[in-house]
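Asker: Single-letter residue listing:
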Amino acid sequence: MATTAKSRMLTGSKAMVEAIDQEMERDPRVFVMGEDVGKYGGIFGSTTGLFEKYGPTRILDTPISETAFIGAAIGAAMEGMRPIVELMFVDFFGVCMDQIYNQMAKIHYMSGGHVKVPLVLMTAVGGGYNDAAQHSQTLYATFAHLPGMKVVAPTFPDDLKGMMIAAIREDNPVILMFHKGLQGLGWMDQLDASIGEVPQEPYTVPLGRSRIVREGNDVTIVGIQMMTVHAMKAAEQLKEAGIDAEVIDLRSLVPLDRETILRSVAKTHRLLVVDEDYQSYGMSAEIAATVAEAGLYDLEAPIRRLAIPDVPIPYSDPLENFVLPNAEKIAEAAKALVNM
Amino acid sequence: MLTEEKMKGGKGADTALQPSDLERALYLMKRARALDERVLSLQRQGKVIGTYAPFSGQEAAQIGAVMAMESNDWLFPTYRDGAALTAFGYPLSYLFAFPTGVDARWKRPEKLHLWPPAISIASHLPHAVGFAMAAQFRHDPLVVLAFCGDGATSEGDFHEALNLAGLFHAPVVLVIENNGYAISLPRSRQTASATLAQKAEAYGFPGVQVDGHDLLAVYTVVRRAVERARQGEGPTLIKPEVSLCPHTTADDPTKYRSKEELEAERKKDPLPRLTQYLREQGAWDDTKEQQATDRIVEELHRAEREAVKLAEADPRVIFDNVYAHPPKTFLAQRNAFLRELREGGAPS
Ligand SMILES: Cc1ncc(C[n+]2csc(CCOP(=O)(O)OP(=O)(O)O)c2C)c(N)n1
Numbered sequence: 510m511a512t513t514a515k516s517r518m519l520t521g522s523k524a525m526v527e528a529i530d531q532e533m534e535r536d537p538r539v540f541v542m543g544e545d546v547g548k549y550g551g552i553f554g555s556t557t558g559l560f561e562k563y564g565p566t567r568i569l570d571t572p573i574s575e576t577a578f579i580g581a582a583i584g585a586a587m588e589g590m591r592p593i594v595e596l597m598f599v600d601f602f603g604v605c606m607d608q609i610y611n612q613m614a615k616i617h618y619m620s621g622g623h624v625k626v627p628l629v630l631m632t633a634v635g636g637g638y639n640d641a642a643q644h645s646q647t648l649y650a651t652f653a654h655l656p657g658m659k660v661v662a663p664t665f666p667d668d669l670k671g672m673m674i675a676a677i678r679e680d681n682p683v684i685l686m687f688h689k690g691l692q693g694l695g696w697m698d699q700l701d702a703s704i705g706e707v708p709q710e711p712y713t714v715p716l717g718r719s720r721i722v723r724e725g726n727d728v729t730i731v732g733i734q735m736m737t738v739h740a741m742k743a744a745e746q747l748k749e750a751g752i753d754a755e756v757i758d759l760r761s762l763v764p765l766d767r768e769t770i771l772r773s774v775a776k777t778h779r780l781l782v783v784d785e786d787y788q789s790y791g792m793s794a795e796i797a798a799t800v801a802e803a804g805l806y807d808l809e810a811p812i813r814r815l816a817i818p819d820v821p822i823p824y825s826d827p828l829e830n831f832v833l834p835n836a837e838k839i840a841e842a843a844k845a846l847v848n849m
Numbered sequence: 034m035l036t037e038e039k040m041k042g043g044k045g046a047d048t049a050l051q052p053s054d055l056e057r058a059l060y061l062m063k064r065a066r067a068l069d070e071r072v073l074s075l076q077r078q079g080k081v082i083g084t085y086a087p088f089s090g091q092e093a094a095q096i097g098a099v100m101a102m103e104s105n106d107w108l109f110p111t112y113r114d115g116a117a118l119t120a121f122g123y124p125l126s127y128l129f130a131f132p133t134g135v136d137a138r139w140k141r142p143e144k145l146h147l148w149p150p151a152i153s154i155a156s157h158l159p160h161a162v163g164f165a166m167a168a169q170f171r172h173d174p175l176v177v178l179a180f181c182g183d184g185a186t187s188e189g190d191f192h193e194a195l196n197l198a199g200l201f202h203a204p205v206v207l208v209i210e211n212n213g214y215a216i217s218l219p220r221s222r223q224t225a226s227a228t229l230a231q232k233a234e235a236y237g238f239p240g241v242q243v244d245g246h247d248l249l250a251v252y253t254v255v256r257r258a259v260e261r262a263r264q265g266e267g268p269t270l271i272k273p274e275v276s277l278c279p280h281t282t283a284d285d286p287t288k289y290r291s292k293e294e295l296e297a298e299r300k301k302d303p304l305p306r307l308t309q310y311l312r313e314q315g316a317w318d319d320t321k322e323q324q325a326t327d328r329i330v331e332e333l334h335r336a337e338r339e340a341v342k343l344a345e346a347d348p349r350v351i352f353d354n355v356y357a358h359p360p361k362t363f364l365a366q367r368n369a370f371l372r373e374l375r376e377g378g379a380p381s
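Keeping their order, the protein sequence lines are chains A and B. Position one of the first sequence corresponds to residue 510 (my numbering), numbered consecutively onward. Position one of the second sequence corresponds to residue 34 (my numbering), numbered consecutively onward.
A few of these clues could be false.
[As the list claims (entries may be wrong)] With a straight-line Cα cutoff of 27 Å, these simulated DSSO-like cross-link-like pairs (lysine-lysine) come out: (1) Lys144/B / Lys548/A; (2) Lys288/B / Lys80/B; (3) Lys321/B / Lys562/A; (4) Lys838/A / Lys776/A; (5) Lys321/B / Lys63/B; (6) Lys562/A / Lys288/B; (7) Lys838/A / Lys361/B; (8) Lys342/B / Lys144/B; (9) Lys748/A / Lys625/A; (10) Lys548/A / Lys63/B; (11) Lys548/A / Lys288/B; (12) Lys300/B / Lys548/A; (13) Lys321/B / Lys292/B.
Note that these hints are calculated values from the structure, not bench results.
With the sequences and hints as input, model every part of the structure.
Answerer: This is the structure:
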C-alpha cells in the first residue's frame, strides 16, 4: 500500500484503533465486544478512546464469560451485524474453543453456505514480558490448523490498520492476532518496530499476502510478528558478516502466501523459518513442507527451523529468554546455513 | 490453623479464638502487607520482572479463611491469594523468587496441601470440586477451600463446578473475594444478580455474605462452612466484601476508578481495624507493634536473600517438569536445544 502525504507515525495499537474507528463510522453494523474494551480501552490498547466516542451500545464491556460473548457475537453476525470481539489473551481460547472452531468456523459450511459469519475475533498473542505459561503463547498453528476461518497476524502498524479494515469487511470469520510487544504500549519495552508510518485515510491490505521486508540473495528468513522484527535485526548482523538475507513477513497464516516463499527460496537457495510458537506440528513445519514439496530442488542446504521447544513458556525472565528465538539465535542459524 | 477443641466451637467459633490466635492473625496480616508493598517497591525499581497481582486490602479475608482450615484440608488459591499462601505456610522466599529468577511460582513444599494458583479465571473450581469428591469417595474427612474473584462468577467453569458441588455434596468451601472489580469492570456490570452469594442458591446450597475487612467475621463464617462440609452437609459459598487496588502491576486503576473511590476503599483497611480491636482488648500495644515490625523486616530480608539463591537460571529446568515420564523424542529435542544454547552462548 502506498504511503501518502497524509501519513503519520502511529503505534500498533493506535493503528488498530483507527481502523476500528473508521469502520465504525462507515458501517453502523460494526461494534466491539469483550473484556475491558470500554473505559479501559483494551488491556493492550486495541480500543482506546472508542468507548468515549461510541458509548456503551457499540463498545460493550462483557463479564468474564468468553463462551457467552463470543457465542453472542456469532449470533449477532448471523443476524447481520459485523462484530469485532476481543479474546483478551489468545491463551484463554480453551474456555471458548467450541464457539470458535465448532461454531464460528463451521456454521457457513454446515448451513450449506446459507449463513455467513462476518466476525473479527481479535486477540493478543506473544511472550517476552514474563507473564508465564498461560499468558505468553502465540498459538498460531493451533488456529491456522482449523478450516473455515482466516487467521492473520500483522506485524507493523500500517498492516495492523489495513488488515483490520480488510478483516472487518470480510464475510468470513477472521482471527486477527496482534502481538502485545508490537502495540507500542508504555509499560512494555518499546520497540522501534511498534511505531510506524500509517496513512490517515481508510485502506485495506489483502489478507493472505506476505511482505518482503528486506530483500537479499543469500538466505530466506521467514517470520511473523515479533520473529520478523528479530529477523530484521539479525539481517543487520548478518550484513556485517557479509551475508545478504531476505526477510519475509508472513502477515497471514491462513491463507498462506506460499508463492512468495517459493520464489524467494528459488533465489536464495536457503530457508530459515522462525516461529514464536511450539516447534512440533507448527507453522515452521507447514512452510518447510511447502518448500520440500514444491521447491526442494532449489535448496542448497537443508531447511532450518527455529521455534520454541515443546515446553510451556517459562515465567522467569532468563528462562523465558532461553526458549524464545531472538536476533542472535537467528543470525547464528542463518550463518550456519550459508556456510554449510 | 487452630486446635481440635476450637474446631468444635460451632456457632460461637469466633469466641473460641484465643487472643494469641488473633495476635498471630494480625502478625500474618501485617507481614503479608509488608511483603506486598516490598514486591511492588522492588518492581518500581525495576528489580522484579514479571506480572504480579497485589492483594493489599484482602488480607483479612484470605487469612481469616485460611485460619479456619485444619491441617488435613486443602487450599485452591488464585493468583491474587498471596496473603493466604503465606499464612498457609508457603515460603516467603518463593513469593520473592517467582518474579525474579526461577519458576518458583510452581514450586511448593511437598507437604503443603496447596494446589497451584489458578491463572485462567475459575479454572480451578472444577478441580477443587473433583478433589473434594475424591476425598469423599475415599472417606477422607478433608475439606477443600477454594478462592476466586467476583469476576470469576461469570465463567462457565464457575457455574459448572457449583452445579457439580451441589449435586454431589462435595465438601467444598468456596470463598469469593469480592473486591468490586474485575480489572476495570465493576461488580455492578458483572452480573444482574442482586448478590453473588445468591448464586449458590440456584445450585442448592447456602451462600453467605460477610464483611471481608473483618477477620473475625470471616473466620467465623468460614469455620462454620468448613465444619458443615466435614460433617457431610455439602458445600457453602462465602462472599467476603474486600477492597483492592490495583489489579496487577501491569495495570493503572486511575483509568477506571476515581481518586475519591480509591481513597474511600483505602479507609476500610482491615489492618488498623484488627489492630484497634486487639488494643482495646489489651492484647496489643506499642511494644508488640515494634516487635512485630522488627520481626517482619527480618523475615522479609531473609526471604529475599533466600530468593536470590533460588534465582539462578539453569536452562535445563525448562525441560524438567513438562512430563512425568519424558518421551525419548522430547529428550532428544532437549539435548539438541541445550547443545545449541551452549554453542551459541546463552542468550541474554
Ligand atoms: C479465562 C480467563 N479470561 C480472562 C482472563 C484475564 N483476566 C485476568 S484477571 C481478570 C479479572 C478477574 O477478576 P476477578 O475474578 O474479580 O478477580 P480479581 O482479579 O479482581 O481478584 C481477567 C479478566 C483470565 N485470566 N482468564
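Asker: Next, verify each hint and record whether it holds.
Answerer: Going down the list of hints, with the structure as the test:
This hinted pair does not check out: Lys144/B and Lys548/A have alpha carbons roughly 45 Å apart, beyond 27 Å. Of the supplied pair hints, the one linking Lys288/B and Lys80/B holds, its CA atoms being roughly 25 Å apart against a limit of 27 Å. In summary, the hint linking Lys321/B to Lys562/A is not supported, as the alpha carbons are separated by about 55 Å, beyond the 27 Å threshold. Straight-line distance between C-alpha atoms of Lys838/A and Lys776/A comes to about 23 Å, which keeps the hinted pair within the 27 Å bound.
A distance of roughly 12 Å separates the Cα atoms of Lys321/B and Lys63/B; the hinted pair therefore holds under the 27 Å criterion. For the hint pairing Lys562/A with Lys288/B, the CA-to-CA distance comes to about 16 Å; that is within 27 Å, so the pair holds. With a CA separation close to 25 Å, the supplied pair Lys838/A and Lys361/B stays within the 27 Å bound. Of the pairs offered as hints, the one joining Lys342/B and Lys144/B holds, with about 22 Å between alpha carbons and a cut-off of 27 Å not exceeded.
Using a Cα cut-off of 27 Å, the hinted pair Lys748/A and Lys625/A is violated, with the two alpha carbons roughly 48 Å apart. Between Lys548/A and Lys63/B, the direct Cα distance comes to roughly 34 Å. Violation of the 27 Å bound is thereby established for this hinted pair. Between Lys548/A and Lys288/B, the direct Cα distance comes to roughly 7 Å. Compliance with the 27 Å bound is thereby established for this hinted pair. Between Lys300/B and Lys548/A the alpha-carbon distance is near 25 Å, which keeps this suggested pair within the 27 Å criterion.
A C-alpha spacing of about 34 Å is found between Lys321/B and Lys292/B, which places the hinted pair above 27 Å, so the restraint is violated.
Going through the hint list in order, the structure does not satisfy hints 1, 3, 9, 10, 13.
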